[in-house]
Amino acid sequence: MKMVTKSIKVDPDLWHKARVKALSENMTLQELIARLLKEYLKEKRGK
1 MKMVTKSIKV
11 DPDLWHKARV
21 KALSENMTLQ
31 ELIARLLKEY
41 LKEKRGK
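In the numbering used here, the protein residues as written are 1 to 47.
The set of hints was computed from the structure by calculation and includes no laboratory data.
Think of the CB as a built atom: it goes at the ideal place given N, C-alpha and C, for glycine as much as any other residue.
Watch out, some of these pointers could steer you wrong.
Said to hold, decoys possible - Simulated restraints on C-beta separations:
1) Tyr40 <-> Met3: 14 to 22 Å
2) Val20 <-> Arg45: 27 to 35 Å
3) Arg45 <-> Pro12: 14 to 22 Å
4) Glu31 <-> Asp11: 19 to 27 Å
5) Ile8 <-> Glu43: 14 to 22 Å
6) Arg45 <-> Asp13: 24 to 32 Å
7) His16 <-> Arg45: 24 to 32 Å
8) Leu41 <-> Val10: 23 to 31 Å
9) Leu23 <-> Arg45: 27 to 35 Å
10) Asp11 <-> Ala34: 17 to 25 Å
11) Leu36 <-> Thr5: 29 to 37 Å
As the list claims (entries may be wrong) - Simulated pairs of lysine-lysine, BS3-like, Cα-Cα distance not exceeding 30 Å:
12) Lys44 <-> Lys2
13) Lys2 <-> Lys17
14) Lys44 <-> Lys17
15) Lys38 <-> Lys2
16) Lys21 <-> Lys42
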């Protein structure tokens, strides 16, 4: 799959907490964000 780079603005504290969470689960922040987006979109389709 081809990946694209996008820019978003995120609260620094939220970004830090997400990074810590990703590291605690042995994944990158990129992997965590992709997983959460997929779950969110799947959930929205089901409603």
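Okay, the hints, checked on the actual structure:
As the Cβ distance of Tyr40 to Met3 is approximately 19 Å, the hint placing it in 14 to 22 Å holds. At roughly 30 Å, the beta carbons of Val20 and Arg45 sit within the given window of 27 to 35 Å. Against the hinted window of 14 to 22 Å, the Cβ-Cβ separation of Arg45 and Pro12 comes to about 32 Å, which falls outside the hint. Between Glu31 and Asp11 the CB atoms are about 20 Å apart, so this pair conforms to the stated range of 19 to 27 Å.
Between Ile8 and Glu43 the Cβ separation comes to about 20 Å, which falls inside the hinted range of 14 to 22 Å. In this structure the supplied range 24 to 32 Å holds for Arg45 paired with Asp13, their Cβ-Cβ distance being about 31 Å. Distance hint check: the CB atoms of His16 and Arg45 are about 31 Å apart, consistent with the given range 24 to 32 Å. Between Leu41 and Val10 the beta carbons are some 19 Å apart, a value that contradicts the proposed interval 23 to 31 Å.
Checked against the given bound of 27 to 35 Å, the beta carbons of Leu23 and Arg45, roughly 30 Å apart, stay inside it. For the hinted restraint 17 to 25 Å between Asp11 and Ala34, the CB-CB distance of approximately 20 Å keeps it satisfied. At about 18 Å, the beta-carbon gap between Leu36 and Thr5 misses the expected band of 29 to 37 Å. Of the pairs offered as hints, the one joining Lys44 and Lys2 holds, with about 24 Å between alpha carbons and a cut-off of 30 Å not exceeded.
A distance of roughly 28 Å separates the Cα atoms of Lys2 and Lys17; the hinted pair therefore holds under the 30 Å criterion. Distance check on the hinted pair: Lys44 and Lys17 sit about 25 Å apart at the alpha-carbon level, within 30 Å; holds. A C-alpha spacing of about 16 Å is found between Lys38 and Lys2, which places the hinted pair at or below 30 Å, so the restraint holds. The straight-line distance between the Cα atoms of Lys21 and Lys42 is roughly 22 Å, inside the 30 Å bound, and the hint therefore holds.
This entry does not satisfy hints 3, 8, 11, going by the numbered hints stated previously.
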